[in-house]
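Number of protein chains: 2
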Amino acid sequence: MLEKIQFVKPEEIEARSMAIIEEELKAKNAFHRWSPGEYAVVRRCIHTSADFEYADQLYFSDGAVETALRAIKDGAHIITDTKMAASGINKKRLSVFEGQVHCFMDDPQVAREAKARGITRSAVCMEGGSQVEGKKIFAVGNAPTALIRLYELIREGKVQPELIIGVPVGFVNVVESKELIIQAGVPCIVARGRKGGSNIAAAICNALIYQCS
Amino acid sequence: MLEKIQFVKPEEIEARSMAIIEEELKAKNAFHRWSPGEYAVVRRCIHTSADFEYADQLYFSDGAVETALRAIKDGAHIITDTKMAASGINKKRLSVFEGQVHCFMDDPQVAREAKARGITRSAVCMEGGSQVEGKKIFAVGNAPTALIRLYELIREGKVQPELIIGVPVGFVNVVESKELIIQAGVPCIVARGRKGGSNIAAAICNALIYQCS
Numbered sequence: 004m005l006e007k008i009q010f011v012k013p014e015e016i017e018a019r020s021m022a023i024i025e026e027e028l029k030a031k032n033a034f035h036r037w038s039p040g041e042y043a044v045v046r047r048c049i050h051t052s053a054d055f056e057y058a059d060q061l062y063f064s065d066g067a068v069e070t071a072l073r074a075i076k077d078g079a080h081i082i083t084d085t086k087m088a089a090s091g092i093n094k095k096r097l098s099v100f101e102g103q104v105h106c107f108m109d110d111p112q113v114a115r116e117a118k119a120r121g122i123t124r125s126a127v128c129m130e131g132g133s134q135v136e137g138k139k140i141f142a143v144g145n146a147p148t149a150l151i152r153l154y155e156l157i158r159e160g161k162v163q164p165e166l167i168i169g170v171p172v173g174f175v176n177v178v179e180s181k182e183l184i185i186q187a188g189v190p191c192i193v194a195r196g197r198k199g200g201s202n203i204a205a206a207i208c209n210a211l212i213y214q215c216s
Numbered sequence: 004m005l006e007k008i009q010f011v012k013p014e015e016i017e018a019r020s021m022a023i024i025e026e027e028l029k030a031k032n033a034f035h036r037w038s039p040g041e042y043a044v045v046r047r048c049i050h051t052s053a054d055f056e057y058a059d060q061l062y063f064s065d066g067a068v069e070t071a072l073r074a075i076k077d078g079a080h081i082i083t084d085t086k087m088a089a090s091g092i093n094k095k096r097l098s099v100f101e102g103q104v105h106c107f108m109d110d111p112q113v114a115r116e117a118k119a120r121g122i123t124r125s126a127v128c129m130e131g132g133s134q135v136e137g138k139k140i141f142a143v144g145n146a147p148t149a150l151i152r153l154y155e156l157i158r159e160g161k162v163q164p165e166l167i168i169g170v171p172v173g174f175v176n177v178v179e180s181k182e183l184i185i186q187a188g189v190p191c192i193v194a195r196g197r198k199g200g201s202n203i204a205a206a207i208c209n210a211l212i213y214q215c216s
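Protein sequence lines, in the order shown, are assigned to chains A and B. With my numbering applied, the first sequence has no gaps in its numbers, which climb one by one up to 216 at the end. With my numbering applied, the second sequence has no gaps in its numbers, which climb one by one up to 216 at the end.
Just chain A, with the same shape it has in the complex (with noise of 0.2 Å):
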């Protein structure tokens, strides 16, 4: 069995995964019109899900992706409604201009408001969130209560975010929420439908901020 292993060198392997996904994109006749910047995105959706749906699934809103660097490089902080996607985010790099992570899933008092008010601790971390000083970049990766709750806080001229990543993921909410972010007028990458998840947010947050470098 281990002779149908080919090797190849660690250094080379997202290199080849990366040329693997434009060529089947191709194939399928899925490569759309993206702007490079979008493209950098969509193939790292890909590559960390294997799944090419993103590349018909993924909304960009016009000029999102250049808001979004412009942001980081001015030292947006990123907001994530999940610990995973916290712990995907490539802080190191982020960290280079200035910008930091925030989850706010594991405080206390959030589980206790949460519990107070029968809300989500999601859609309370949005607020934490909105209290953050600065630029802000919001990374839903898990509720929809929280895009839901984020929409609220916009038209509340509560937080004007300078990107949300909208990518949670399953089946209660998760595709109407998704729309009502797309129309919430601020700048926008969503995964329509069903699919995202933790790992899709850490990968747009990443793509992201590979392209800032």
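Hints in this document: simulated from the structure, not taken from any laboratory. Do not take every clue at face value.
Remember, identical chains collapse to one label, so a pair may be satisfied in a single copy or spanning two.
[Stated by the list, open to error] DSS-like, lysine-lysine: derived pairs with alpha carbons at most 25 Å apart:
(1) Lys118 / Lys161
(2) Lys118 / Lys86
(3) Lys12 / Lys86
(4) Lys95 / Lys76
(5) Lys161 / Lys138
Computed from a predicted structure; not experimentally measured.
Based on the hints, put chain B in the right spot on chain A.
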């Protein structure tokens, strides 16, 4: 737009999601003859990815779930090749049985050794994992090279895992490494094909841990 969103109590979201998954699996004729323990794993993988392909792609060696549950109850440690999976595994629930989660990817010694030997950090991590005392479950969500190294370590008699969760994602040697581990003669749960990832690795661990309570 907001009126399209139906309020669901936070504590009911997961149960409702699981019910939708079961309904759709039956509607798609994709409800296979899993044992109850296997089905809990399948369902949680779909829950974390919204990807029904896992119903067809998840491979369980005979009795793998039962062996894993016994091992967890006996205090088995979980060793993973990704920080995101380590972050996503429910460590609190695992610690009830005295198991811990180990991930050596950030160890500077691992990076040095990988560079010196021209292999991946993930492969080096599996060697470190083999040294962990007690029963061991390996959860590989990123690197096929970790699975390949594990296969070799088993062949060399250097480790005898209770379970291997083989769910790396990607394009280079991923499919082959999974088929290799299925041949390794140890209990395994494998996502055949290219798909997988740290989210799937964590979901499988959690589906097992939750069955032990």
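Consistency of the hints with the structure:
For the homomeric pair Lys118 and Lys161, the shortest alpha-carbon distance inside one copy (23 Å) is at most 25 Å, but the shortest distance between copies (48 Å) is not. With identical chains, the CA atoms of Lys118 and Lys86 are at most 25 Å apart within one copy only, with a shortest distance of 19 Å there and 29 Å across copies. With identical chains, the CA atoms of Lys12 and Lys86 are at most 25 Å apart between copies only, with a shortest distance of 22 Å across copies and 31 Å within one. Taking the shortest Cα distances, Lys95 and Lys76 sit within 25 Å of each other inside one copy (14 Å), while across copies they are farther apart (37 Å).
When the C-alpha separation of Lys161 and Lys138 is checked against a cutoff of 25 Å, the pair qualifies only within one copy, where the shortest distance is 13 Å, while the shortest distance between copies is 51 Å.
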